[in-house]
Structures are given as C-alpha cells and as structure tokens.
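Residue-level listing of the chains:
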Amino acid sequence: MQQYLEFNAETGIPTAVGPSKQKTSIEINDILANEIKSGSKRLEEFKVLYNEKLKKYVVNEIGIGMLEEEITETPASHIIYQVPVADQIKDGINIVQDIKNNKWKLVVQGDIVDTLNSISSNALWQMFYITKKDNPNILHNQFKVDLLQGKCDIENIDEGINELNISVFCKKIYNNYYYVKENA
Amino acid sequence: MIEKGFLIYANNTWKEDYLKQAYALALSIKLYNSDAHITVVTNTEPDAKYSKVFDNVIVKKTKPNSLLNAEERINAFDVSPYLKTIVMDADVLVTENLNSWWKYLKNYMIYYASSVRTYRDKIGDSTAYRKTFVQNELPNLYNTFSYFEKSEEAALFYRMQRVVIENWQTFYKKYTPKKQQKWCSMDVSSAITSKLLCNEEQITSKDSFINVVHLKPKQQGWSFRYQKASTAVTLNFSENNFYIGNFKQNGIIHYVENNFLSDYLITQLEEANATVS
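Taken in order, these protein sequences are the chains called X and S.
For the first sequence, counting from 1, position 147 maps to 147 in the numbering used here; every step adds exactly one.
For the second sequence, counting from 1, position 255 maps to 1255 in the numbering used here; every step adds exactly one.
Next comes chain X alone, as it looks inside the complex:
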C-alpha cells in the first residue's frame, strides 16, 4: 500500500504519515513509513523541501544540524559507462562485434529510433572506446558511430588483442546501450 508523508507547505515540517494522499503530501517508501509509525524514527527528524534541480519535493533527514544536500552531480560511471554485454540485439543502441569476421556494426532499434529521428540533424556522432575487459584505464581503440545514419567508423581492432577479452565504454547519453558479440 502506498504511504504518504503529509507536511506543512510553508515550513516543510512533516505532520503525519498514512495511506491517504493529502493536498500537501509526498509519497514515501514502506521502510521509512514503518520506521516512523513504529517510533524508531521521529517526524521531527525530517523536513520536506522543494528541490530546484529535481523540480520536486524531497524528504530530507536532519542529520548534523543541517539538512542533507541532495546531490545531483552526474556519477563518473555514467561518463565512463561500461556498455553491458548482451547475447542478442535488443531495443536500444547495439554495438555489434562480429568476432569471426572481425567486423563491427551499429544496430539501433526500438523507441530510441523515434527519439533520434526527432533530432533535426544530418549526423549524430557518439564516441565508443574499446578497452581491456572491465578496465576503462587500458584503452585499445576508439571509434565513433553516427547514430542517425547507422555508420560505424571502425573496421577491426588492433592485432594482438584478444577480441574476447575486451569491454566497450561510452558516455551514457541514452538509456539502453548493449555490446553484442556475434559468431563468437
């Protein structure tokens, strides 16, 4: 059952917890609701404030005399994003490695196609990086793809590199990226 934290809109001070949605209330998770109901957390330990960056009200736990800051910086793991390995092409942006023929290609399918088509541009390039397996610090190669035209400017990776012992990294701009190995 959904639980809501009712609060005073002017002060942000919570006034009640319950299953009914009031005019000034925000949804909270069951664990927090139960902790407040059982008395292990007190209402006065929290304050509800409007977060400018998130554009919504958020509940803050009062810790060391000041409210905990809501940090919205982008994690480095999104800038140095490891593209998850998939065993087949899925909806999203697929970087496909044909291991037998030592070729790479780009396959874009699903809702992302509409999103990309809504961008009025002739080309939309994104960089991808081939690294040692699970290690973005050892770069083997890099290439760029045109997400709109489906072009991929890499033909193969350097000789002497185990093609099965690599990972693909990129900046996470869209939701779904996959690294698909074919003919392994």
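Note that these hints are calculated values from the structure, not bench results.
Among the hints, erroneous ones may be present.
Said to hold, decoys possible - Pairs of lysine-lysine, DSS-like flavour, derived with a Cα cap of 30 Å:
(1) X:Lys103 / X:Lys171
(2) S:Lys1122 / S:Lys1228
(3) S:Lys1178 / X:Lys171
(4) S:Lys1218 / X:Lys171
(5) S:Lys1218 / X:Lys172
(6) S:Lys1015 / X:Lys47
(7) X:Lys90 / S:Lys1049
(8) X:Lys37 / S:Lys1060
(9) S:Lys1131 / X:Lys47
(10) X:Lys23 / S:Lys1015
(11) S:Lys1106 / S:Lys1084
(12) X:Lys133 / S:Lys1122
(13) X:Lys47 / S:Lys1228
To be verified - Have a look at the derived ranges for each label pair, beta carbon to beta carbon:
(14) S:Asn1075 / X:Asp87: 23 to 31 Å
(15) X:Asp87 / S:Glu1153: 53 to 61 Å
(16) X:Ala123 / S:Val1276: 41 to 49 Å
Even glycine gets a Cβ: it sits at the ideal position worked out from N, Cα and C.
Based on the hints, put chain S in the right spot on chain X.
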C-alpha cells in the same frame, strides 16, 4: 571458540541497504582469503544468496531511535564468536590477502586504523572531516577498521566505550567542547574512550601499513571541489584487481558512496569467487 574472523554490522535503514554492502565485502574478503570466517550482525533476515557467503548470521532487531546504530555496535566485543576479531564497516572492500595484517595485529589487544590514504596511495589529509578530533585533541581513530582480541584489556576498553556511548551527550559536552558532533558517532566515542584510558599508543600506530583508502572527496587532493567522489572516478574490478581512476588498489577501500557499488561489480565478485572455489 574459533581463533579469528571478521565481524560486519549491516543494519539496514530506509536509505541504505547495508546488508548488500556487507555481502559485497564478504565476497571480497573470501576472494583473497578463502579460509576467512565471517559473521554478519543484521536487523534484516538475509536471503539464501547472501547467507551463503556468511559463515555466521546474527539477526538482531535494532533499537528504536538508534543513531547510526552505534548502540548496536558496542556489542561487538560480546557478540563476536572469535578469539581475534577484525571489525569492518559494511561499505568497505578488501583488495588483498590479509595474512600479514593478522600477523601485525598479534602485537595488539585492540587496534584501530588511524590514517587514511587517497586512491592514489598517498596519505590523505583527513582534517576536513575530522575537525572534532583536531580541535579537541582526540585520537584520530577510524572504526572503519578495528581489531580486538578477547582479553581483560579489550574488555575494559569496550566496557568504557559502552559507558561513553550510553551517555554520549554528557561525554561529548565534556570532551569535545571546541567542536561537537550532534549525533552519537562510533569514531568520536572510541576516541573519547581511548583518551579516558590514555591508551592511544597501545591501540593504534599512525605509521602502520594498516590504513584505509578513504574515498571522501575533500581528502583526495583534487583541485575541483567535487561533492561526491563518484562524480570524479569509477571503481572497477578487472582480473581480480580493484582499480579506482587508473590506480590499482591495495589494502582496504572505504568507498562510502553507494554509487561505487554497482550490481555489475557484485556480479563480477560472485563470478570471481565461483572461480576460486
């Protein structure tokens, strides 16, 4: 009684899944220390997958109004089933075999880490986060990594620590007048206990190789003031080694921010453990 083992407290809150962190820590311990015996004390019944990695699970309901669960952690000395116990925070990862650590700790009845390193293996400047300790001249102890051997000396220390924690407001007022924390902290309470017993030199060594990679952003020596360390660097696990930025890690990592503990990292640790066993 088992001779030695690891004790981890993992009391979940509405914000943090400490049991998941403890699971990752246990996987990292077992990867490099296959004979390690691990006990977790938690307020949440672990599922089968989690239970498998722990040798001993103690489920104990936390007290209402517990602050940072400090009240629970004071029971570590009594709860531990080991003669010699290493206690670690849940948000820690072990990156190597700890046999030399155990050997070193034989010299002590109680031990606390008291220095921290950056991910680049430089001794870190902890003053930004330790103002209470600096201004009140308290021993700079970190509960992130501590050790005790069941002994009279340790029993006395932990009895005193219990008194401090159960009356923390009184003790903090008296012993931290210049800069006071407004919550009950295990680190401050341990430091006050040590000060009361005048035993800092017997329970820590600043020059010891036993220290912690502490990933709080202000002590990494970065010129840009990141709010979170995970904004600046990633934590990777490749071929049984941990890397932060492009630095291979050693010792133990206190990663602090949940962003570092990705599901993929846990999967990698599970796979690495499967290979070892």
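Which of the numbered hints above does this structure break?
3 and 14
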